[in-house]
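Engineer: These are the residues of each chain, in order.
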Amino acid sequence: MRKVLGLTSLLVGLIAVACLWEHVHHGTIKFLTVQNARNLLTLIGLFGILSLGQSFVIISGGIDLSIGSVVALLAILAADLLDKGQGWSPVIVIPAILLLAMVIGAWHGVLVTKARMQPFVVTLCGLFFFRGIARVVSGDETRGFGSAFPKLAWLANGFLPNSDGILPVPFLIFVVLAAIVAAFLHLTPYGRHLFALGANEESARFSGIRTHRLKVLAYVLCSFITGIGALLLGFNINSIGPANFGGFYELYAIAGVVLGGCSLRGGSGNILGVIIGAALIRVLTNLVSILEIPSQLEYVVIGAAILVGVLIDELFTSRKHEV
Amino acid sequence: MRSYGLDGVDKGRPSARAGNAAYAAGLLLAAVLSGCGGPDQDAAPGPDVEPVKVAFVTNNASDFWQIARAGTEKAVKELGCKVLFRIPPTGTAQEQQQIVQDLITLGVSGIAISPKDPENQTAMLNKAAESVDLVTQDSDAPNSKRICYIGTDNYQAGAAAGELIMKTLPEGGKIILFVGTLDAQNAQDRKKGIEDTLAGTNITIVDTRTDETDRLKAKANAQDALVVHPDLACLVGLWSYNGPAILNGVKASGKLGQVKIVCFDEEDETLQGVKDGHISGTIVQQPFEFGYQSVKLLVALAQGDRSVVPDDERIIIPVKTISQENVDAFWAELKQQTGKS
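Protein chains in written order, with our numbering: chain L, 785 to 1107; chain U, 25 to 365.
Possibly wrong hints are sitting among the right ones.
Some chain U residues judged to face chain L by a derived CB distance under 8 angstroms, without partners named [as the list claims (entries may be wrong)]:
(1) 104
(2) 155
(3) 156
(4) 244
(5) 247
(6) 255
(7) 280
(8) 281
(9) 282
(10) 293
(11) 347
Facing chain U, according to a computed beta carbon distance under 7 angstroms, are these residues of chain L, among others [unchecked claim]:
(12) 792
(13) 793
(14) 806
(15) 809
(16) 812
(17) 985
(18) 987
(19) 1021
(20) 1022
(21) 1023
(22) 1027
(23) 1052
(24) 1074
Hints in this document: simulated from the structure, not taken from any laboratory.
In this text, a Cβ means the ideal position worked out from N, Cα and C, and glycines have one as well.
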């Protein structure tokens, strides 16, 4: 909880400083406009969902580097099968896409557990492999959903309470998913076992936890949530270039989780932190844009912010250990 | 299931979209077998004559190059040559170097390449020019020993966009440019063309935002620009995906019809936007001609005919301005070229 408090103050402090800076230099605070809030919350929702999925795997002590490519593949396949309203019904396509996502996760999980391969290696191969499949399936042509599915598009682009509202639907989906994931991780025995597994696999196994099964489950849930993210991202952008759609997104997702206080060594972290970590990254990129900082500096800002966040986190933790 | 040669050459490539799973699986198998990115085109050669073998190398994977590929296929049909069409998967100079070396090993007579980083690739291009007929297409490397350049003059393309912006904004106003990265020569040339055309008018370019080819970022950039500059008159996208990204960003911001959009190239979403009147116009190159002319030129060179190279060593394919009046005709022609229904 201490971590989350620190992170929240970092987020609030950053926004306060940025608003002050903007007020002094430009005389207005465009960051706080309704229009910007709508844009920013949408992006927090879309990227936050990917971080939620990633957090399962990272808490289990693994990592999933493939999700950017998986996002591209699933979005391309969905667009292909729906074919702008000329193809199959979404009632079939969407469950099929999510099922495929789970199969991909299970495949990663089985390779990690049964074949005893390292998660980094398995999912690194996935990063190349699924990107390649996405390009082959689409013949390198950009895909989209057209305007044939207004209701599905609403899930990715819509707002509540009405089209002028301030609450983006993808953000609400993110919040609901986060609540479910948090309940699973923090309130059920499965969740507790996952933390135990991440902290020390051997002792978890000796205490009777079916570690292999649990690990596979972590990868399946990661890919399933990534599948939801892929569909929302696809509908949101509606222009899916197979060669670069979703590129780098695995790193944004991991960055959100790490910034949120989950250790890459596994076994620690909480979902509230992940939510704020994911939000922090989007706020930073948004501020680079809104404060008219040159685009080239964006990665510098993100890199520095993650470093500072994790450094502060490390200082907190090591002090606790010393006491 | 169709069969594939061990060299991975796909016999009888269908022109239909690679949508179905069996075809995709087959392609994948072919790609795995040959260890390369995709199938090659194969013409029907005469009974005894060894067909001329030339290569076409793109700078990345995009729809643009699929149109160019259709152009090379037309040349294949007409000339009975063989074209190896190569796409560097992530579009880096290093991949291009690897591809060019492999093509020379495969014994092609000529290569048409769109160099990713002309300045620093000069040595590599010169080395290739020693063993094959080397022409540049789409993006030039004027300091290299390439025989000829075939493609757009991007400065002219920028100037055409500038004209279109002036026509769209008779009252003047603020505009912002959006592009993937500014280190690419075509981005710089287009930007310069727009700047020079708009110099001295009442239209001001207030910013240029880059997105590192991330479409989501490109959309967010457009949305952010509308927040920062509520009085923005026009958004200009310099690369092909910037058009759809800006259109979606403007739509999401609820500003459709309130701000103008001008962009480049011919993605489906862009053409639909032009048709619907949401995009004022788009400046299109003719990638089909890049493909067609490149192959024709390389085949002529292979047969020893140097007269096809103009004195200034540049074959400029003019750009077209597509607006609501001519979009239907252009789109129909495009679909016919690429064999899409």
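Engineer: Give a verdict on every hint.
Structural biologist: Evaluation of the provided hints:
1. 104: Hint violated; residue 104/U Cβ to chain L Cβ min 24 angstroms, cut 8 angstroms.
2. 155: violated (28 angstroms)
3. 156: violated (25 angstroms)
4. 244: holds (6 angstroms)
5. 247: Holds. Min distance 4 angstroms.
6. 255: Interface hint status for residue 255/U: violated (12 angstroms vs cutoff 8 angstroms).
7. 280: violated (12 angstroms)
8. 281: Residue 281/U check fails; min Cβ-Cβ to chain L is 15 angstroms, beyond 8 angstroms.
9. 282: Since the shortest Cβ distance to chain L is 12 angstroms, the answer is violated.
10. 293: holds (5 angstroms)
11. 347: violated (21 angstroms)
12. 792: Violated, because the Cβ-Cβ distance from residue 792/L to chain U comes to roughly 24 angstroms (cut-off 7 angstroms).
13. 793: With a minimum Cβ separation of about 26 angstroms from chain U (threshold 7 angstroms), the hint on residue 793/L is violated.
14. 806: violated (10 angstroms)
15. 809: Constraint on residue 809/L not satisfied, violated at 12 angstroms.
16. 812: violated (10 angstroms)
17. 985: Hint on residue 985/L: violated, closest Cβ of chain U at ~34 angstroms, above 7 angstroms.
18. 987: violated (42 angstroms)
19. 1021: holds (5 angstroms)
20. 1022: holds (6 angstroms)
21. 1023: With a minimum Cβ separation of about 4 angstroms from chain U (threshold 7 angstroms), the hint on residue 1023/L holds.
22. 1027: holds (4 angstroms)
23. 1052: violated (30 angstroms)
24. 1074: holds (6 angstroms)
Hints 1, 2, 3, 6, 7, 8, 9, 11, 12, 13, 14, 15, 16, 17, 18 and 23 from the list above are not met by this structure, while the remaining hints are.
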